[in-house]
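Student: Please assemble the complex out of the two chains, which come individually in their own frames, going by the hints.
So the protein lines, in turn, are chains B and W.
The first sequence: position 186 = 277 (this note's numbering), numbered continuously.
The second sequence: position 59 = 181 (this note's numbering), numbered continuously.
Just to be clear, a hint being listed does not mean it is correct.
[To be verified] Dumping the calculated DSS-like pairs for lysine-lysine here, alpha-carbon to alpha-carbon at most 30 Å:
| id | chain 1 | residue 1 | chain 2 | residue 2 |
| --- | --- | --- | --- | --- |
| 1 | W | K339 | W | K131 |
| 2 | B | K203 | W | K131 |
| 3 | B | K236 | W | K131 |
| 4 | B | K203 | B | K236 |
| 5 | W | K165 | B | K236 |
[Unchecked claim] Reference listing, derived: stretches of chain B covered by chain W, where coverage requires no fewer than 3 residues with Cβ under 8 Å from a Cβ of chain W:
| id | segment |
| --- | --- |
| 6 | 99–106 |
| 7 | 127–134 |
| 8 | 148–156 |
| 9 | 185–193 |
Since the hints were derived computationally from the structure, they do not count as laboratory data.
This structure is a prediction, so every number in the text was calculated from the model and none was measured.
Just so you know, even glycine gets a beta-carbon here, dropped at the ideal spot from N, CA and C.
Chain by chain, the residues:
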Amino acid sequence: MSDADTRLTLEQLHCERDDRVLFRGLSLTARAGEIWQITGANGAGKTTLLRILVGLHGFYDGGRHWWQPDWQRELLYLGHQPGVREELSPLENLDYACALNAQGGDAMAGLKAVGLQGFEDVPAAHLSAGQKRRIALARLWLAPKAVWVLDEPYTAIDQDGVAQLDARIQQAAEAGTLVIYTSHHQVGEGVRRLHLAKGRAEVLS
Amino acid sequence: MSAFGAALKRELLVLWRSPAEMINPLFFFVMVISLFPLAISPKPEVLAVIAPGVLWVAALLAVMLSLDGLFRRDQESGVLELLLTAPVMAVVPVTAKLLAHWLLTGLPLVLVSPVLAHMLQLPNAVLGTVMLSLLLGTPALTIIGAIGAALTVGLNRGGILLAVLVLPLYIPVLIFGAGVIRAAAEGGAVNGILAILGALLALTASLGPLAVSAGLKISSGN
Chain B
92 MSDADTRLTL EQLHCERDDR VLFRGLSLTA RAGEIWQITG ANGAGKTTLL RILVGLHGFY
152 DGGRHWWQPD WQRELLYLGH QPGVREELSP LENLDYACAL NAQGGDAMAG LKAVGLQGFE
212 DVPAAHLSAG QKRRIALARL WLAPKAVWVL DEPYTAIDQD GVAQLDARIQ QAAEAGTLVI
272 YTSHHQVGEG VRRLHLAKGR AEVLS
Chain W
123 MSAFGAALKR ELLVLWRSPA EMINPLFFFV MVISLFPLAI SPKPEVLAVI APGVLWVAAL
183 LAVMLSLDGL FRRDQESGVL ELLLTAPVMA VVPVTAKLLA HWLLTGLPLV LVSPVLAHML
243 QLPNAVLGTV MLSLLLGTPA LTIIGAIGAA LTVGLNRGGI LLAVLVLPLY IPVLIFGAGV
303 IRAAAEGGAV NGILAILGAL LALTASLGPL AVSAGLKISS GN
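Looking at chain W on its own, in the form it has when it is part of the complex (with noise of 0.2 Å):
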């Protein structure tokens, strides 16, 4: 098998078997979205107008949880040192691991967002939009997360440092993508901040793994 069929069905075993892991982000993005129309108002009025920035805000914070510990548990039990002496180039391990933490913990906040979309009050007809955008969005929250993650793993309580460095960075993804919910439930055009979207993940995708290696070589002492 090709080491990076191997480490993907590793990283898949692992987040599978620690059902914690995988299940408290989606249960953060549901519970901080219930919240909101008991807190603020059941009006559909008000809920449709702050409903594209809860979905998203909330899908960000959820995504940010679960990186803490990305690269913590191997870091620690010695994996991360198997992975950088290994001949192998790190960015392809670092690949599978962020398209597994993607798939098991970005992908289910993607498919319950129509729901919860619903639950807001949001038209039938932005629903698609809704997951577009997490579709784009999540997965680019998943890697800029992830180099934060990596630069922090050596650290004990990286946790508010990896907020601190990541959540600026945040910021376009969550302009963008809040923003095509409420251009689409305005009946505006959507396509081209949906392009926009898709660059950034481009972008990420394709320069994030390496950036993510990097930040691992140095928090091992490179």
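Just chain B, same shape as in the assembly (with noise of 0.2 Å):
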């Protein structure tokens, strides 16, 4: 079952929330270079998921087991809001959370690759929703990680820069990333889906 690819496995994982079943005998088991779309509809427990599988959710039973024992030195976790604050520039709020997850990189080529260039030194209160969440974004063109976990990364994020976080995520699987989002949206052929509903979990393709 555990062979060199494989990045995540889950077994029988079990979650309740409020004395209700968010999802019960969860097992999958996900590989390098795949893309996991997650799905189900609002409160459904999406986000509750991937807070599990970052640490960030403690209370669940079942088994949760990343590859390697420092996996969070390869993980880039984008939560459900941006993680930006409005008194820092873009330039500012990148440098804070590329020290924090030792990532490297040139962030004005990362903020230049969002569409942010000439905005770097603006005060993100002075931004838009789109252009935060662009903030947070711009990482993922920053130095290479294994793992991305990335929670509603569309949220706000106008047509071309869709078709652009659809390339930048199927370039990185290519590569040997492994993905996991929740959103509505398709990133494209070869997505593998697991759909949470009503207490149940299925991977549908």
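Tutor: Here it is as structure tokens:
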């Protein structure tokens, strides 16, 4: 079951919240280079599942195994909120995120890739919701990580940005990154889909 | 740049750009202390008796009020999740945050305290002890309060709960802080009491950041 490409194994994962079963018996193996899309109605537990994966939520039963003990070094997690402080400029926000996550790369080039050149020194309070999300997304263009866990990365992003993000996710997967994301938007062909509904979790493709 | 250096720079910038959060505690401290001579009595012999307590209670409340929002904006904006999922131990950015917070909200209280002590008719010989007691005491108050702030960050109205959690823990610092000023004003020995304040600071500074990190993890759902 466990081979060199395996990045994440879930065994009989079970989570309840407020006496409601979000999912039970969730088992899967995710490998390097795969793209996993997690779908489900509002409140189905998509964000909770991602928070369990990255270790932010500890109330669950079952097993969650990453492939190596210091997996957090190779994790790029973008949460439900973009993680951007309005007092700081895009560049300052990005520098802080990279310093904490030991992620190298040219921050200016990252901001340029998400179309924020010219805005790098503007306080984020003056930017739109989509631009704030783009500050967080700029990390996808910096030094590569083995696993991306993205919670609704397409929120507030315009059409061109969506196409660009699709391309970037596919490019990263081809380079061997495991991408797990929640959204109703499908990145492209060959995406594996996990659907959460009424306490059941089904792997659809 | 090291993670600690980057975090410290970032925390100082964030606070520096929200002047209200920086100035409010100082303003509160100065205003509360100025009200006592007006409300009780401007007589030097009365003020000299209450001055140590007034200075310390005002400092304590000023620090506590500044802490309510310590982690809230980081939590609302998602920065806290970033911090807790990072490979760097949470203690590193947390320590940077506490240091930056004390430098920009606690240290100003220490710096204006001689003026306020003078206003409360404390003898000039005591002003050094006033500053020293606050210099040792306010960082301890910041760290203890941050533990409460970390535990209440997930709650909508954490303010009152924060006070209930934190005020009892402030009592030792208050007793020794006000005590050392009183001892100095009466011409007694102060070194022993200052050493106890120093020990309280050493204890909170070494274990506090760990407790704050644990509190943040609990608040996030672990």
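Student: Evaluate each hint against the coordinates.
Tutor: Comparing the hints with the structure gives:
1. W:K339 - W:K131: holds, 23 Å
2. B:K203 - W:K131: holds, 24 Å
3. B:K236 - W:K131: Within the cut-off at roughly 25 Å; holds.
4. B:K203 - B:K236: Given that 30 Å is the threshold and the Cα spacing comes to 20 Å, the pair holds.
5. W:K165 - B:K236: violated, 69 Å
6. 99–106: violated (count 0)
7. 127–134: It is violated, with 0 qualifying residues against the three required.
8. 148–156: holds (count 3)
9. 185–193: holds (count 7)
Against the hints set out earlier in the document, violations occur for numbers 5, 6 and 7.
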